[in-house]
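A.B. asks: For the record, the sequence lines run as chains Z and B. First residue of the first sequence? That's 126 in this note's numbering, and the numbers climb one at a time after it. First residue of the second sequence? That's 1433 in this note's numbering, and the numbers climb one at a time after it.
Fair warning: there could be bad hints in the mix.
As the list claims (entries may be wrong) - Straight-line alpha carbon distances no greater than 30 Å define the calculated DSBU-like cross-link-like pairs of lysine-lysine that follow:
#1 K326(Z) - K1651(B)
#2 K326(Z) - K1496(B)
#3 K1540(B) - K314(Z)
#4 K391(Z) - K1558(B)
#5 K321(Z) - K1651(B)
#6 K1708(B) - K321(Z)
#7 K1616(B) - K314(Z)
#8 K1558(B) - K321(Z)
#9 K314(Z) - K1506(B)
#10 K1558(B) - K314(Z)
#11 K326(Z) - K1505(B)
#12 K1571(B) - K391(Z)
To be verified - Partner residues aside, some chain Z positions facing chain B, computed with beta carbon under 8 Å:
#13 T130
#14 L132
#15 A134
#16 T136
#17 R137
#18 L138
#19 L146
#20 R248
#21 K314
#22 I316
#23 V320
#24 L322
#25 A328
Stated by the list, open to error - Far from chain B, some chain Z residues (derived; all Cβ distances over 12 Å):
#26 S145
#27 F147
#28 D231
#29 V325
#30 F343
#31 V389
The set of hints was computed from the structure by calculation and includes no laboratory data. The beta carbon of each residue, even a glycine, is placed where N, CA and C say it ideally should be.
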Amino acid sequence: MTFWTLLLANTRLQLRNRNSLFWHFAFPLVFMVLFGLIFGQGPGVLNIGMVTNNSAPAQHFQAAFNEIEGVELIRGEEAVLLEDLKDGQIHLLVAFRAAEAGQPVDVELFYDQNEMLTTGAARSMVRGVLDGITKAVLEVPELFRLKETAISTEIMTFMSFLLPGVIGMSIMFSALFGTAYPLVTEREKGILRRVKLTPVKTAVFLGAKAVGMTVIAFMQAAIIIVTGISFFDVQILGSLPAAALVALLGALMMVSLGLLIAGVAKRVESVDSIANVIAMPMMFLAGTFFEIDGAPDWLQSVARILPLTHLNNALREVLIRGQELAAVLPALLTMVAWALGFILAAAYLFRWESPKTQGNNRKAA
Amino acid sequence: MSIIVDVQDLTKRYGDLLAVNKVSFTIEQGEIFGFLGPNGAGKTTCLEIMEGLRKPDGGQVLLKGQSVWPDPKKVKNLIGVQLQSTSFYEELTVKEILVLFASLYGRKLSGLQLDSLLSMAGLEEKRNAYTNSLSGGQKQRLAIITALVNEPEIIFLDEPTTGLDPQARRRSWEIIQELQSKGKTIILTTHYMEEAENLCERVAIIDQGKIVAIDQPQKLIDQLGKKAKISFASTRPLESLFLAKLGAEAGQVNSGEGHVIFANDPAQAIGVLLEKAKQEGIIIKNLHVSSPSLDDVFLELTGKELRD
Ligand SMILES: Nc1ncnc2c1ncn2[C@@H]1O[C@H](COP(=O)(O)OP(=O)(O)O)[C@@H](O)[C@H]1O
Ligand SMILES: [Mg+2]
């Protein structure tokens, strides 16, 4: 009973606050629209060169890309296309090597290292299409017929590749700020002291906050997906319930991190800086908009363990590459581990009042 | 009547500052008990130790026989608290706040309970108003009824009327008296002596963390042993020697031209005063005779004015 009343109150607080409404719902949409305008529409935005070996996979690849808006597939000689790549005429070169029947086809990708954003997304797309083809080939006994159905539905746009990253990023920002900000404000205004006088259990009080925020982050993911499908032609290959589960877990993990930030931040103003110091680098390192394989190895190793990396990857695999949950189990387990770690640390650091009100540790205040 | 609050040797330090210094007192069930003292006297610290919010460095607090420390959880259902600085969730309405706090006690407010709380505070019209649209007085009254959602027996009110205009203050007094009529025990702090005099059955005068006197307001005033307080201004400064001759044993010479003297026979003292003034060509203005008040008790006990 207490829990539900608290949950309701917290949801009201979030939905009645214009600031939080903006950050939770308007901001991700603005982001989507901007990216949509930049990458989603118009021909010739992205030129991909292709050297074909006329194998079946190459043809499927070609067919898939022919249907993608905003991408032009230019076939030609490898040497010429490589020159084009260097001149910036094309952004990416995909070369299908000759292969013997029954052997994997070698595909080589060339790209301009300086064009991280565009080529990063393009490379994700190429990988996605190749994955799609492989998947269609592997999972289906009657190879030929189903290959074609698979490919005719797998129309992908840039936005399809960006969408999981936008969701991951939005969940992160909303959950971090949406959790830490109100909690620290309530502590600073003395509301938490007043709550401390009641017999409510800390776990129930914080649990209601965490669940409320998780639900909001989740709604946000849903809105982004719906917008993506309705306005940006995003193709969802995977199962939505599976994606929902990933998003839910991700939201829970980020909310836990938000609780931890609330424990560390002494004052409302510090929430901003702490949350941004954590979120900003993570946003870029976690492959939200582009892969970071141009970065030094150590940085990539760091990136691989970040909470957002796992969320983004799992979302991408499930939503766009159509993977089963089982395939992203390692990412899911890592997220659970992060969430538990955050919750334990947050519980340890949580305070009902600003240090100065107790007076026992004046220097800390 | 039985003792419901028993405080012994309560002590609290903040670093080098002894904020509460061996405070002891008891309160009977159904009493309105007031802490009267200037800012920084230690009232809030004392109250919040009794509420279980601040840990004492020494002494003990028994509420209805239950020790608050070391485990304040045990008294949470027994007490209701209005903290000195109250703020509410701004995006919630009056009704939502009350429902929320009731639920924090694991209670569900019935429509009837809600109505009676709102009408007690005169907030019926405001039940669906957001808390940031309330006036200062309304906010304070909301804080008081929020302290009642768990039907506590002991109610702590920390400066319930500070910053309110006289009318709003009286409105709060009515609520507090209504609570008393329902058998609640009320402990409040104030630095308004009218409030202590009019509302409290007993007051503890507190200064620099110490209780300097504790009794019924009238008794404290009677103990001063002065029947009347005479205040006046003069065109020229008066010598204290001259004032002493007025028959006031302990005359208080204020700065400049304002004087306050206490006299057991005010009529005689005024006669002498006017006579002397005439002889020396001094004009006496704003002559005022009144009964001594708690202010004067405070002044007498601490040598300081209650209000700055
Ligand atoms: N948390 C604290 N840390 C340090 N000093 C404090 C703290 N709280 C109160 N004090 C000091 O203790 C004294 C008593 O304060 P307080 O109990 O708030 O008095 P009152 O409520 O009578 O105004 C004051 O001098 C105040 O500055
Ligand atoms: Mg105070």
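A.B. asks: Against each hint, give a clear statement of whether it holds in the structure.
C.D. replies: Comparing the hints with the structure gives:
Our distance criterion of 30 Å between C-alpha atoms is broken by K326(Z) and K1651(B), whose separation comes to about 46 Å. With a C-alpha separation of about 24 Å, the suggested pair K326(Z) and K1496(B) falls inside the 30 Å cut-off, and the hint holds. The hinted pair formed by K1540(B) and K314(Z) meets the criterion: a straight-line CA distance of about 26 Å does not exceed 30 Å. Restraint check: the Cα-Cα separation between K391(Z) and K1558(B) comes to about 35 Å, which exceeds 30 Å; the hinted pair is violated.
A hinted pair counts as satisfied when its Cα atoms are at most 30 Å apart, and K321(Z) with K1651(B) does not qualify at roughly 38 Å. Restraint check for K1708(B) and K321(Z): the C-alpha separation of about 64 Å exceeds 30 Å, so the hint is violated. In summary, the hint linking K1616(B) to K314(Z) is supported, as the alpha carbons are separated by about 29 Å, within the 30 Å threshold. For a cut-off of 30 Å, the pair hint linking K1558(B) to K321(Z) stands: about 26 Å separates their Cα positions.
Note on K314(Z) and K1506(B): the hinted pairing holds, with a Cα-Cα distance of about 26 Å set against a maximum of 30 Å. In summary, the hint linking K1558(B) to K314(Z) is supported, as the alpha carbons are separated by about 23 Å, within the 30 Å threshold. The suggested pairing of K326(Z) with K1505(B) holds, with an alpha-carbon distance near 11 Å, which does not exceed 30 Å. For a cut-off of 30 Å, the pair hint linking K1571(B) to K391(Z) stands: about 27 Å separates their Cα positions.
A hinted interface residue such as T130(Z) counts as satisfied when its beta carbon comes closer than 8 Å to some beta carbon of chain B; here the least separation is about 4 Å, so the hint holds. Taking 8 Å as the C-beta cut-off, the interface hint given for L132(Z) is violated, the closest approach to chain B being about 10 Å. With a least beta-carbon distance of about 5 Å to chain B, the hint placing A134(Z) at the interface is held under the 8 Å criterion. With a cut of 8 Å, the hint placing T136(Z) at the interface with chain B is violated, because the nearest CB-to-CB distance is about 11 Å.
Hint on R137(Z) holds. Least Cβ distance to chain B is approximately 6 Å, under the 8 Å limit. A hinted interface residue such as L138(Z) counts as satisfied when its beta carbon comes closer than 8 Å to some beta carbon of chain B; here the least separation is about 5 Å, so the hint holds. Annotation: interface hint on L146(Z) violated; nearest CB of chain B at approximately 11 Å, more than 8 Å. Interface restraint check for R248(Z): the shortest CB-CB distance to chain B comes to about 45 Å, outside 8 Å, so the restraint is violated.
Interface hint at K314(Z): satisfied, since its Cβ lies 4 Å from the closest Cβ of chain B, which is below the 8 Å cut-off. Hint status for I316(Z): holds, given a least beta-carbon distance of 6 Å to chain B, under 8 Å. Residue-level restraint check for V320(Z) holds (minimum Cβ-Cβ distance to chain B is 6 Å; threshold 8 Å). A hinted interface residue such as L322(Z) counts as satisfied when its beta carbon comes closer than 8 Å to some beta carbon of chain B; here the least separation is about 5 Å, so the hint holds.
For A328(Z), the interface hint is violated, since its Cβ never comes within 8 Å of a Cβ in chain B; the closest pair sits about 13 Å apart. Distance to chain B contradicts S145(Z) as a non-interface residue, since its nearest Cβ pair spans about 10 Å, not more than 12 Å. Distance to chain B confirms F147(Z) as a non-interface residue, since its nearest Cβ pair spans about 14 Å, more than 12 Å. D231(Z), annotated as away from the interface, keeps every beta carbon of chain B farther than 12 Å; the closest lies near 60 Å.
Interface exclusion of V325(Z) from chain B breaks down, the closest Cβ pair being 4 Å apart, not more than 12 Å. For F343(Z), the requirement that its beta carbon stay farther than 12 Å from each beta carbon of chain B is met, with the minimum near 21 Å. Listed as a non-interface residue, V389(Z) keeps its Cβ farther than 12 Å from every Cβ of chain B; the least gap is roughly 23 Å.
In terms of the numbered hints stated before, the structure departs from hints 1, 4, 5, 6, 14, 16, 19, 20, 25, 26 and 29, listed from lowest to highest.
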